[in-house]
Amino acid sequence: MLEVSKLAVDHGKLRAIWDVSFRVEKGARVGLLGANGAGKSTTLGAIIGIYPVADGEIAFDGQSINRSGTAANVNAGIALVPEGRRLFSAMSVRENLEMGAFVSNARPRVEEALERVFTLFPVLKEKSADQAGTLSGGQQQMLAIGRALISNPTLLLLDEPFLGVAPILVEEVLEVLRRIADGGVTFLLVEQNIHRALDFVEYAYVIENGRTVLEGDSGKLLDDPEFGTKFLGLE
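Mind the numbering: the sequence shown is residues 15 to 249 in the numbering used here, read in order.
Derived by calculation from the structure, the hints in this document are not laboratory data. Hints are supplied without guarantee of correctness; some may be wrong.
[Claimed, not checked] When the alpha-carbon atoms are kept at most 27 angstroms apart in a straight line, the in silico DSSO-like pairs for lysine-lysine are as follows:
no., residue 1, residue 2
1, K234, K40
2, K40, K20
3, K234, K20
Computed from a prediction, not measured in an experiment: that's the story for all the values here.
With these hints in hand, go ahead and build the complete structure from the sequences.
Here it is in structure tokens:
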């Protein structure tokens, strides 16, 4: 479904990503792991079309999307839940969800999509008229995920989805993500919390200093001495 090959991305005159390569098969749950500043979020930004590709290739469903742009990529079936959620705090929950239908393909089906989201997150239906800024951190994350689902994506990019979510709600969010995955949506997850990420994904790639340095099944990575030393603080 998604293939990233030797990706390089610049932020101004600085190179943020040097050589990132990975694959995401249809229906898979894949993680991008690494320390803060490793290049994980920039990678997601390049996939969705926010950041231009300086070198390398991003292919989605067999077609290059290096120069497609964000709107075209969303129409093609990619959606991003950004780090920090980026909600419109003064707008209602429903209005924030409707922002997910900004692409032409999603507009005719917005009511159907809203009902799907409300089924996944009943609390959003209860609070649909409330301002987004009044929600708890966990509820705001649910709203950010729901907004991304409005466009009916086949590939969902998640950037730090558990950041700022109370521990008691993390498992609830994870359970909903699993239900979404069971419905056929493919996931690419960026997360600094290694154990939490590996609890959800099936396969993961590790990015360090803008380069892919390790990969493996979730269980095998935890048993990898190099992975344990570098990323889990094990001796």
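Checked hints:
1. K234 with K40: holds, 21 angstroms
2. K40 with K20: holds, 21 angstroms
3. K234 with K20: Roughly 24 angstroms between the alpha carbons, so the hint for K234 and K20 holds.
Checked against the numbered hints listed earlier, the structure breaks none of them; every hint is satisfied.
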